[in-house]
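These protein sequences, in sequence, are chains U and L. Residue numbering for the first sequence is 1 to 309, as defined by the numbering used here. Residue numbering for the second sequence is 1 to 295, as defined by the numbering used here.
Heads up, some of the hints might be wrong.
[Unchecked claim] Derived DSBU-like pairs: lysine-lysine, alpha-carbon spacing no greater than 30 Å straight-line:
1) L/LYS95 <-> L/LYS161
2) L/LYS92 <-> L/LYS164
3) U/LYS121 <-> L/LYS290
4) L/LYS161 <-> U/LYS124
5) U/LYS124 <-> L/LYS290
6) L/LYS164 <-> U/LYS125
7) U/LYS125 <-> L/LYS290
8) L/LYS95 <-> U/LYS121
9) U/LYS124 <-> L/LYS289
10) L/LYS290 <-> L/LYS92
11) L/LYS179 <-> L/LYS95
12) L/LYS92 <-> L/LYS161
13) L/LYS161 <-> L/LYS179
14) L/LYS95 <-> L/LYS164
15) U/LYS125 <-> U/LYS212
16) L/LYS290 <-> L/LYS164
[Said to hold, decoys possible] Simulated restraints, written as ranges between beta carbons of each label pair:
17) L/ASP220 <-> U/LEU94: 45 to 51 Å
18) L/SER158 <-> U/ILE295: 29 to 35 Å
19) U/PRO106 <-> L/ALA169: 49 to 55 Å
20) U/PRO106 <-> L/TRP42: 42 to 48 Å
21) U/PRO192 <-> L/SER158: 17 to 23 Å
22) L/ASN98 <-> U/ALA51: 19 to 25 Å
23) U/THR70 <-> L/SER41: 49 to 55 Å
24) L/TYR15 <-> U/GLU81: 56 to 62 Å
25) L/LEU26 <-> U/HIS271: 21 to 27 Å
26) L/GLY55 <-> U/VAL77: 35 to 41 Å
For the record, the hints were derived by calculation from the structure and aren't laboratory data. Predicted, not measured: the structure shown is a model, and the values here were computed from it. Where is the CB? At the ideal position from N, CA and C, for every residue including glycine.
Below are the chains, spelled out letter by letter.
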Amino acid sequence: MAKATVNTSAEDRLILTNKNRRWDEVRGRSLVTFCAIIMIAATISVTVFLAQKGLQSFTVNNINPIAYLTSTNWNPVGSGEASYGIFPFIFGSLAVTFLSALVAAPLGIGAAIFMSEISPKFGKKVLQPVIELLVGIPSVVYGFIGLVVLVPLVRDNLPGIGFSLFAGVVVLTVMILPTVTTIATDAMRSLPDSLRQGSMALGATRWQTIRKVLIPAALPSLLTAIVLGMARAFGEALAVQMVIGNSRDIPETIFDTSATLTTIVTLNIGHTTYGSIENNTLWSMGLILLVISFIFIFIVRYLSGRRKV
Amino acid sequence: MNSRITDRIATGVFYTIAAIMVALLLYLFYFILSNGIPQISWDFLTSPSSAYQAGGGIRDQLFNSFYILFITMIITVPLGVCGGVYMAEYAKPGKITNFIRTCIEMLASLPSIVVGLFGLLIFVNITGWGYTIIGGALALTIFNIPVMVRVTEDAINSVPKEQKEASLALGITRWHTIKTVLLPYAFPGILTGAILASGRVFGEAAALLYTAGLSTPTLDYGNWNPLAEDSPLNIFRPAETLAVHIWAVNTQGLIPDIREVANGAAAVLVIAVLVFNLLARWLGSVIHKKLTAGK
Chain U
1 MAKATVNTSA EDRLILTNKN RRWDEVRGRS LVTFCAIIMI AATISVTVFL
51 AQKGLQSFTV NNINPIAYLT STNWNPVGSG EASYGIFPFI FGSLAVTFLS
101 ALVAAPLGIG AAIFMSEISP KFGKKVLQPV IELLVGIPSV VYGFIGLVVL
151 VPLVRDNLPG IGFSLFAGVV VLTVMILPTV TTIATDAMRS LPDSLRQGSM
201 ALGATRWQTI RKVLIPAALP SLLTAIVLGM ARAFGEALAV QMVIGNSRDI
251 PETIFDTSAT LTTIVTLNIG HTTYGSIENN TLWSMGLILL VISFIFIFIV
301 RYLSGRRKV
Chain L
1 MNSRITDRIA TGVFYTIAAI MVALLLYLFY FILSNGIPQI SWDFLTSPSS
51 AYQAGGGIRD QLFNSFYILF ITMIITVPLG VCGGVYMAEY AKPGKITNFI
101 RTCIEMLASL PSIVVGLFGL LIFVNITGWG YTIIGGALAL TIFNIPVMVR
151 VTEDAINSVP KEQKEASLAL GITRWHTIKT VLLPYAFPGI LTGAILASGR
201 VFGEAAALLY TAGLSTPTLD YGNWNPLAED SPLNIFRPAE TLAVHIWAVN
251 TQGLIPDIRE VANGAAAVLV IAVLVFNLLA RWLGSVIHKK LTAGK
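Based on the sequences and whatever the hints tell you, model everything.
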């Protein structure tokens, strides 16, 4: 009876709506509620387990958290006293995140404005699929192209050995550009036409309309686009790891090698013994990544609360 | 400056940006395909990879990628669709719904390496399974579920209200309406979304490095017993996927033909993702036509 198809007549269906249907309803409702609970459980367990594991280096190994976050000396296995300072990696992560956002934001928002204001037809027919395909390219492929094309190019034409903060920023910029563009395009397209018409009717040029009316109106959503791009850049591991050089010092120029939290975790977590101090400090970096990605989400939520249009 | 000239300059800048994006994509595809396609041969696709000799293929990696994708989708699609149905139909506006939404957003924005770490902690260390296909698939599930939930929710919300109200007005229960009216109507949207999500899962590497592992045991493709050690279907064996393979040969590879293998593997990966993308578009438009142009 539960298998009644759409073909049954309305009369049948009404008659079938009896106790069995009630039970069906209860079962269905519990099933989907259960799935919703799984999502809560997944989020909580990710947080709890990673927090518990990530705090072990402070609670079990008695590493000073302040020194851990601010010391620039990362020397877990070298000669002499071991030292666990991850500031260079935090610096590296923040540097690639902000620099790539700095380049990707104007390009991405520019492309979004092109698609929504300048040439919607070409935008929809050509640029939209282009961006969707760019989103689809796996990050290891970006890393691989960075490794075989960008790194030699930087080595030959710019100072340094090729593997550099600069190469990481370029790879990440290309990676987050489609993300920023997609969200920014949605933001621009959702602006009501009355804004455009009103501004044009006052005699403003298209650029004046874009700059004085449309961008301010869409600003919270555009910022959301940038923040989500930054979140992606911050969390990307493999592509960056392949081109950044993974050194443990703070880079002095943009052409020096560097490392980020993700690259150090990726490189070392498989090689260190589970439960050792060095391994635990890597889990702490994982916890920091988790916390910062939560912070990005809260920024996005704050911004979406301020959406004016 | 004259406002008309500024307007022209700005328009020029926007055209340049659009051109840059198109050029970027063309260059990337040209590079991957022109370097990679010459490497792809039947032999490359069907011979096992080699740890230190030249001439290895990607047979196992290719199989593993599809197999992990398959297992992931088997777990994710029902969970994601049910979650989406809950969000679209049963969730009442309020604190709990808000909280679930926050959870979905958080899961969606987790860096994949963090998902990988969680997988390493739970599915590798705590369960004691070691690197396994099922561990990898469960890790991928975590970051794929929010995508499926969102896709399903959007698809259900796009069903015309009249359809749903008509069904409810006939005295049909909510769940029965969902099963017989909403889900069939939302099916094309969910299918398209699932295929696009597959492309993403197929190319994922960071979450699999330390859950499905960096190695594959010697496989006997004649052995279809899923419990056997050397069966390709065994879900409790380590499995290196194609995306992980590209990373591994480039960063820790000992083979002399790293470039060739990586080029070929990257081309196969990108072509696969491209096929997923085109398939999703094509199916989406075909089904859409069928639905809108009447039967």
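Per the hint of 49 to 55 Å, is the separation of the Cβ atoms of U/PRO106 and L/ALA169 within bounds? holds, 52 Å
Cβ-Cβ distance between L/TYR15 and U/GLU81: within 56 to 62 Å? holds, 59 Å
Does L/LYS290 sit within 30 Å of U/LYS124, going by the straight-line distance between their CA atoms? holds, 23 Å
Check the following: the C-beta atoms of L/LEU26 and U/HIS271 are separated by a distance inside 21 to 27 Å. violated, 39 Å
Starting from L/LYS290, check that the Cα of L/LYS164 is at most 30 Å away, please. Holds, because 20 Å separates the two Cα atoms, which is no more than 30 Å.
When you check the alpha-carbon spacing of L/LYS95 and L/LYS164, does it fall within 30 Å? holds, 26 Å
So does L/ASN98 sit 19 to 25 Å from U/ALA51, Cβ to Cβ? holds, 22 Å
L/LYS164 and U/LYS125: Cα distance at most 30 Å? violated, 34 Å
Do the alpha carbons of U/LYS121 and L/LYS290 lie within 30 Å of each other, as the hint requires? holds, 25 Å
Taken at face value, is the distance from the CA of L/LYS164 to the CA of L/LYS92 at most 30 Å? Distance ~17 Å between L/LYS92 and L/LYS164 Cα, so the pair holds.
Look at the Cβ atoms of U/THR70 and L/SER41 and judge whether their distance stays inside 49 to 55 Å. Holds, since U/THR70 and L/SER41 (Cβ atoms, about 54 Å apart) stay within the stated range.
Has the given pair, L/LYS95 with U/LYS121, been kept, meaning a C-alpha gap of at most 30 Å? violated, 42 Å
Checked against the numbered hints listed earlier, the structure breaks hints 6, 8, 10, 25; every other hint is satisfied.
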